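K.L.:
So you can see what is in the structure, the chains are spelled out below.
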Amino acid sequence: MINRIKEKIDEKTYLLIITILMFIAMYGAGMIIFADKGFAKPQMFLNLFVNNAGLIVTAVGMTMVMITGGIDISVGSVIGLTCMMLAYMMEFMNVPAFLAILIVLVFGILFGSVQGFLIAYLKEQPFIVTLAGMFFCRGLTAVISSDMINISNATFLKIAQAKIYFPFLATVNKKGKVITPFIYPSVVIALIVLVVIYLVLKYTKFGRAIYAVGGNQQSALLMGLNVRSTKMKTYVLNGFLASLGGVLFALNTCAGFVEQGRGFEMEAIASAVIGGTLLTGGVGNVIGSLFGVLIKGTIESFITTQGTLSSWWTRIVISLLLAFFIVLQSIFASIKSKNR
Amino acid sequence: MKKTLKKITGFQLFLPIVALILVLLFNMIKTPDFFKITVLNGTLYGFMIDIINRASELAILAIGMTLVVASSAGTDISVGAVSAVTAAIICFSLGPDQQNYQMPYLVGILLGLLGGVLCGMWNGLLVAKMRIQPMVATLILFTAGRGISQLICSGQIIHVEKESYRILGSFIPKVPLPTPVFVAAALALVTWLVLKKTALGMYIQAVGINRRAGRLIGINSQLIIFMTYVYCGLCSGIAGAIMSSRIAACDANNIGLNIELDAILAVALGGNSLGGGKFSLLGSIIGAITIQALTTSLYAMHVTADQLPIYKAIVVVIIVTLQSAEFRKWISSLQGKRPVKAKAAS
Chain Y
19 MINRIKEKID EKTYLLIITI LMFIAMYGAG MIIFADKGFA KPQMFLNLFV NNAGLIVTAV
79 GMTMVMITGG IDISVGSVIG LTCMMLAYMM EFMNVPAFLA ILIVLVFGIL FGSVQGFLIA
139 YLKEQPFIVT LAGMFFCRGL TAVISSDMIN ISNATFLKIA QAKIYFPFLA TVNKKGKVIT
199 PFIYPSVVIA LIVLVVIYLV LKYTKFGRAI YAVGGNQQSA LLMGLNVRST KMKTYVLNGF
259 LASLGGVLFA LNTCAGFVEQ GRGFEMEAIA SAVIGGTLLT GGVGNVIGSL FGVLIKGTIE
319 SFITTQGTLS SWWTRIVISL LLAFFIVLQS IFASIKSKNR
Chain E
134 MKKTLKKITG FQLFLPIVAL ILVLLFNMIK TPDFFKITVL NGTLYGFMID IINRASELAI
194 LAIGMTLVVA SSAGTDISVG AVSAVTAAII CFSLGPDQQN YQMPYLVGIL LGLLGGVLCG
254 MWNGLLVAKM RIQPMVATLI LFTAGRGISQ LICSGQIIHV EKESYRILGS FIPKVPLPTP
314 VFVAAALALV TWLVLKKTAL GMYIQAVGIN RRAGRLIGIN SQLIIFMTYV YCGLCSGIAG
374 AIMSSRIAAC DANNIGLNIE LDAILAVALG GNSLGGGKFS LLGSIIGAIT IQALTTSLYA
434 MHVTADQLPI YKAIVVVIIV TLQSAEFRKW ISSLQGKRPV KAKAAS
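The listed protein sequences correspond, in order, to chains Y and E.
For the first sequence, position 337 matches number 355 in the working numbering, and the numbering has no gaps at all.
For the second sequence, position 15 matches number 148 in the working numbering, and the numbering has no gaps at all.
It should be emphasised that the hints constitute simulated quantities derived from the structure, not laboratory data.
Be careful, since some hints might not be right.
[To be verified] Cut-off 25 Å, straight-line C-alpha distance, at most; resulting in silico cross-link-like pairs (SDA-like, lysine to any residue):
{"#": "1", "chain 1": "Y", "residue 1": "Lys141", "chain 2": "E", "residue 2": "Ser457"}
{"#": "2", "chain 1": "E", "residue 1": "Lys462", "chain 2": "Y", "residue 2": "Ile210"}
{"#": "3", "chain 1": "Y", "residue 1": "Lys141", "chain 2": "E", "residue 2": "Lys411"}
[Said to hold, decoys possible] Stretch by stretch, here's where chain E covers chain Y in the computed footprint (C-beta under 8 Å, at least three residues):
{"#": "4", "segment": "138-147"}
{"#": "5", "segment": "337-344"}
Bear in mind that the values here come from a model prediction, so they are computed numbers and not experimental data.
Glycine residues also receive a C-beta, built at the ideal position from the N, C-alpha and C atoms.
Extracted from the complex, chain E is given alone in its bound form (with noise of 0.2 Å):
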């Protein structure tokens, strides 16, 4: 009996999964109508639907991140900045007009993901290349991000009017699911299919675990990490494209604002660690999902926006303790006197 609860818990989607069961249970007592799904106009209303919608973009961000950290103990936290260079590249690329856009659709979404790569390759070759600190290498780009975006918006919120632009993020006609989903499940079966089929994912975990000795075992390390840091821009870009499709406008102050804070706790939620090595790409999509709900019904529970990174901070905090090795050691040395206790006792 034991022995399979340890397994049960000890299973890597343990943790993501209950936390989201959790919060769904919490939510049905809140609001009865939690999971009442109404069809309208063809397409699927209802706050499971909107949770998935929602969720979608920081699932995008949470693969890219889960490969950033494996390969390399540290996080990229300019991905909603990246987002926002995205954005603004897309959005003034294709330009206000109502009737036509400045150029094809493809070439604009594809230049927009082409400054997410560039974003990507410029943090990939400070932390592969001159091997700093992932955070403080992508804090450049974390603060420059913005900046960045604001000139290419020259300082204003550049609206795409036309109307085929919002499909992105909002619905195919006569299809019932929101497109951000598709886009996500695909990108996500794409990843697993590459990671799987090729031994890339074995040389991420490798990587991650002991950069030195992927490295002596002929592993390019170096290449490696860079690929996840360029694959991480990607990500980022296919969000933030997502993200502007949502406003049809490019908001470079807003967009994509806190969602790296999200992106690490969908990672570390998901029952990878952030000290790096094997991942989980489902345990961080289950994450992306379960972070969505919990700040859905913390909106629900009429939580403004600026005010959400309060609890988020504290279930990182508790997210991280829980996985500390001094923590646990801690903890089992706890465990670890009772009996002596009960034998002095006895």
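Looking at chain Y on its own, in the form it has when it is part of the complex (with noise of 0.2 Å):
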């Protein structure tokens, strides 16, 4: 039985695991620590999910991407610059909001189609690529507006704020009031997309030859694999999940401006290498990734649940995890290493 399970659990899940156990051993830290302020509620929880959708998303593609081997510093900006656009033409151009929305995503396919060409093709170094797709979007962004403009299209905040309820997980509190925990439609699609990626990966010849082609670049080639096209495809897709995670972010939010999701390329490459992603390619998985969010909303909610400590510890934290996880999988590969 022992031996079953040591064969199941190789390498590659280790990560995973120690991600998922930390999971739960820190929201079990914070049910006790911060019992008396709600933090063992439904609703807490839900929490995790409602504030993070646009995070889990673009997770989800910064994973695929960074199986490929490869890496997306852009997804931020991307974000930032689909808030406004959408605020930006539903408040001064009255489009409808899901012509907008249509507008957006498809901006992203070309952005992500731009990103792709230029490094599965002319294989340019994904870094600078996308650190210059980063600043292209930002300055964009500005060029918008430098306002703060808050979205008020009826459409848009009927999606926004249309609550799903669990009756089943109602609580009573103190003055008698029934508290039915609810989510936002946002976490559905951000759900959605995670199980659809799941299932891609795992199950589609696209999904497989991305594993191949981060794995080994040549033998994939060798395989016969088109390499470039599986790389030029997965830069799309995720071109495609950053504007709709820019578009829950925008449910979220209701708002854009220029600063927004600044730092969040950050949050999403820590979500997945926490999630047991592996930064030199071939190896990842979604599930993970979601893990890395949920663990990331947890220290945001302990930052805020504490009250007296600053926002910017949530940067400093994850950064720091983030750091800490990419020396756990150093260790690991040299461990591999030497076994051979």
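Put the two chains together into one complex, using the hints given.
P.N.:
Laid out in structure tokens, this is it:
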């Protein structure tokens, strides 16, 4: 029995298991420490998803790109730009909500294809290309408007504020009022994306090609896989997911401004790495990235519940956590090469 | 004729110099008094002086970045954030008093530079020892750095009121050129001498071209890469000190914002391959001046600071595309086809 479990747990899943255990431990600790501040309530748990729906989608895209051995640091700016585009189109050009969302998603695909072309076909370094992409989008956001625009489109707000209740999780508070936990539609979209990409990565030809390309590009080429088009498709899909993440982000904040989504790429990369995606490519799992996002959310709720720490601490802790997991990966890699 | 033309275009400094001339020519047409330099209170003023002045900290960052790119084939994207950390440490330790610093000026500056060096050591440790891709490793400080800077300043903008603090970022009395130019020139000279007079420059190139081969011929590759990151941290520190001296304060959110792209751009424009190996410090410095000239001329065309990155991003993509081997292959295949077609036609 133990042997069978050991067989299942190879070094690829070690990091994933550490992540899941870490999340449970952190959330458990939070429930004990902040018991009086409602950490144990179901709504608090659901808020992890509500606040991070956009991040889940972005992290899923990032995971795919990182499995191919690349990276995309433009996602934060793409999110900022999509929010701004949505806000500007709906507020100043009276574009209907659904059309605006469609335009934004098409933009994401176009942007992803440009980056993908440069990376896959001209073989430029993904870092440099996406760094340029990051600054390009941030600049474009400022060109559209340098003010903060609040979204007041009725249809958009309707989607943003539609609550989906979970009656079976309902609790009664001290005053005897029944509180039913709820989520927003954005969470549903995020989870659908997660499941679809999970299935794509696991069961489709394209998904397996992504792993093969990341594992060893040379072998993938010799096997007859089209490395270039696989990479290209991954970046296009990632561009789409980044802009979808931006739409979900806009549903959450209902505003667009220049500084929006700054540093978001770091959170997406951290989520993927914490979830067991290797920086060298070839290994990764979107379920792990989900837990990465949840860990980030837990840290954030720690800091907001605690109340006295400044919000800057979230960034610092996430960075430290990323450093920790990167070091862990590097140790695993060195053990593996020694065993050989 | 064709041979000499090829020789000229093949020269490493060809691209940066041509780019600089183009930007300057454009400015000359657009603003006629671009090259006018006036003397005011014994110091020089004018567009050109302004460009050289503002390009100083960029040149300082580009020097550090050049070495990092050459040795590790990756870039350090934390330079702006590290500058913010240094600025925060310096402003925090010198204090807001108008008459006296909290501690001697030099001690404050040294503490700040130490902070920059520590940041560089952290990056170097991750890249050289842990073998993490440079951009991911430096991404950690890229995001955390400003947070650390905010914590040091406790979320506020710290001012240093004493008048002499401004000297580093403006003018020494009775000297016609701004101080940052001297700092940048001195740093460039020292770096150049050290790299040329010792074998370090050669080592860095060897490690950058092939890390394993470098190790096999007896170079401590890890140490060389580590040292370039530490040096880059020191350069960011010096740049941070100048930047905070310019505004006599530390604004953790805005000091050195977006400057990492400029620094990378300066290195790429200087004819250095972003894939590591051979490098030219002079190229990077000319690159830095070109970038600053571009920035200044864009400002003159009423482009706001937060719109600037668009143009720079486009320039980066163009340069990297021109450098890319695939693109060159594609171009040469286009050129190669022409004679064949001509033959068929005749």
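K.L.:
Look at each hint and say if it fits the structure.
P.N.:
Tested hints:
Taking the CA atoms of Lys141/Y and Ser457/E, the gap is about 7 Å. The hint holds against a cut of 25 Å. Restraint check for Lys462/E and Ile210/Y: not satisfied, since their Cα atoms lie roughly 43 Å apart, outside the 25 Å limit. Proposed proximity of Lys141/Y and Lys411/E is supported: the alpha carbons are some 20 Å apart, at most 25 Å. A count of 8 residues in the segment 138-147 of chain Y with a Cβ less than 8 Å from any Cβ of chain E is obtained; the coverage claim is therefore met, three being the minimum.
A count of 5 residues in the segment 337-344 of chain Y with a Cβ less than 8 Å from any Cβ of chain E is obtained; the coverage claim is therefore met, three being the minimum.
Violated hint for the displayed structure: number 2, the only one.
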